[in-house]
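Single-letter residue listing:
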Amino acid sequence: MRYRSLLLKFLSAFILFGSWEIAGRIPVSFAFPTFIESMVAFWVLLVEGTLFVAYAETLKPLVVGVLISAILGIGIGLSIGLSRKFDWLVSPIFIVMQTAPLAALIPLLIMVYGIGLTSKVFVVCIMAMPVIVLNTSGAVRNTPVSMIEMGQAYLGTRLDIILKIILPAASPIIFAGLRLGVSAGFIGAILAELKITPTGVGDIISYSRSIADYPSMYAAIFSIILLAVVFLNLLEQIENILFKGPRQVYASE
Amino acid sequence: MRNTLKQLAIAATIAISAMAFSTSAYAGKIRIALSETPSDEVAAFFLALDRAKTMGLDYEWTAFADEELAIQAILSGQMDIGFGTPYSAMQRAKAPVRIIFQLSKLKFFPVSSKKYSKLQDLDGEPILLHSRGGGTDSIANVIEARMGIKFGKRSYVPGSANRIVALIAGQTDATIVDLSNKNKLVKQTGNEFNVLPMFEVDASDEALFANLDWIKANAKDVDIFVQALVSVYQDMHRDPTIIRRETNPDGPIGQLPKEVLDELDGFYTDAVAGGLYDPNGGGKKAAMADLEWYSNAGQLTGDPANLKISDFWYMKPLERAKQ
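Chains as they are written, first to last, in the working numbering: chain A, 1 to 253; chain B, 1 to 323.
One chain only, chain A, in its complex shape (with noise of 0.2 Å):
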């Protein structure tokens, strides 16, 4: 079965490399290259150290603003979780940063915070935080009624059913809206590096582009998407090891 899964993969990525190879071939345009002259592209963009150099500059807002949107959105998310008051008051504040058009608000960012750090820090927090509290607050609420009674029968005080009973019951799906929450970060630190000032990797496409050097544009973008899936794979490999326990004791249930 696991071979099978595996040979599916490698069958999905050699689909899509297959009809990239072809539209470029075509070609589709001038201005899409083929997925060698890509991946020559992306070979040199490494050798020459230029892709390790981007993302030096590119990972500074997307780490500062994952870690702020991972410990105040899980805080968040827990009081939300616990407090009805609270959730009245806050939910909606994320809801709206969620489904608000970021690209579109970004002027607004520049206006107050400027060209620099800050501003992208910021996008990539919009882009973060709404994921990672929603899912946080959906997890907490969503703790097993029988186990916290099950606390209460055996004279928990509150601190404990929060700490021994909810936040290990919560845990997964926090983990996974953190899992969420990197890759839309991911979207949004490139997304700052397009709109606000070219930087990083944001800077080898927007340069690739003005120059018409489109296969080193779609290595760069190339690099983005694999950086991002490899990114994600890790944490999901992370969190299986971490909550292999609880997950079994609620096949069980």
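No lab work stands behind these hints: they were computed from the structure. Hints are supplied without guarantee of correctness; some may be wrong.
Pairs of lysine to any residue, SDA-like flavour, derived with a Cα cap of 25 Å [to be verified]: (1) B:153 - A:116; (2) A:60 - B:258; (3) B:258 - A:107; (4) A:195 - B:322; (5) B:153 - A:23; (6) B:184 - A:213; (7) B:94 - A:116; (8) B:216 - A:28; (9) A:195 - B:37; (10) A:195 - B:150; (11) B:107 - B:153; (12) B:184 - B:275; (13) A:85 - A:171; (14) B:94 - A:57; (15) A:9 - A:50; (16) B:184 - A:108; (17) B:322 - B:54; (18) A:195 - B:179; (19) B:150 - A:50; (20) B:94 - A:213; (21) B:107 - B:183; (22) A:195 - B:39; (23) B:150 - B:184; (24) B:284 - B:273; (25) B:153 - A:59; (26) B:107 - A:207; (27) B:94 - A:26.
Dock chain B against chain A, hints included.
Just chain B now, with coordinates in the frame of chain A:
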């Protein structure tokens, strides 16, 4: 397993046919790709479109967020004709597109705080530009080559208006901006800032270009279009206020806020006086200036003397329009 394969096959078929449909040719109206939303700077272009319409040209236009997107739309055949200076696309990506008309020249102005009073003062000093590889970046390269100086750290903020804000706020001491923003700066701040003297540039900032096969297949439409442009540009050089007077009040320019429309006369008077437009649509003179400029700027590779104009420009519509 078999079911999954079947689903994959169906998905692939849908994806491929969707791609095929989206790029299929579209007959009838010519599709024009603008590199910016309608503003004072394209008022003359829209006036030419109005004239072309009365001469029988059927068109529709789409505004793109930036020049590169407009170029890409033409390269992929989703648009027929558009704005831009796709020199690197023509050389590097070997795109079979040609320029037929110079819409505006690269008239940009180095502006700075009182720290500097001439271009040479900027040797080793940081400067704020639009984007790496963009128009102002190429101007900076040419300034370096001609003045024998080397700028310090280049940082990038897209949009002349944003760079003016940064200059006024003291976030930078030197930047390069377009004509209308330079005028805005001078008007708002008097002589708090310096406009550094700059050499004459004949190279194109915006030019009209299209796929060569498409130009040849639609020679009649292209001729009407270029003829309308030449007539507007020549009339404008005789009397810049014609743009304001003849703008269709119900068109995309006529619908702009009154403050913008009131500025039109001033903008075109300044632009004509400052040589922003060539009344003859550029032609060979512009093409030669472009090859030299874009080679110096690093967008074209190879010795400019060995580059062939016919690989970049298609002169026939302009020649016919001037007859």
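Tell me the numbers of any earlier hints that the structure contravenes, in ascending order.
2, 4, 5, 6, 7, 10, 14, 15 and 23
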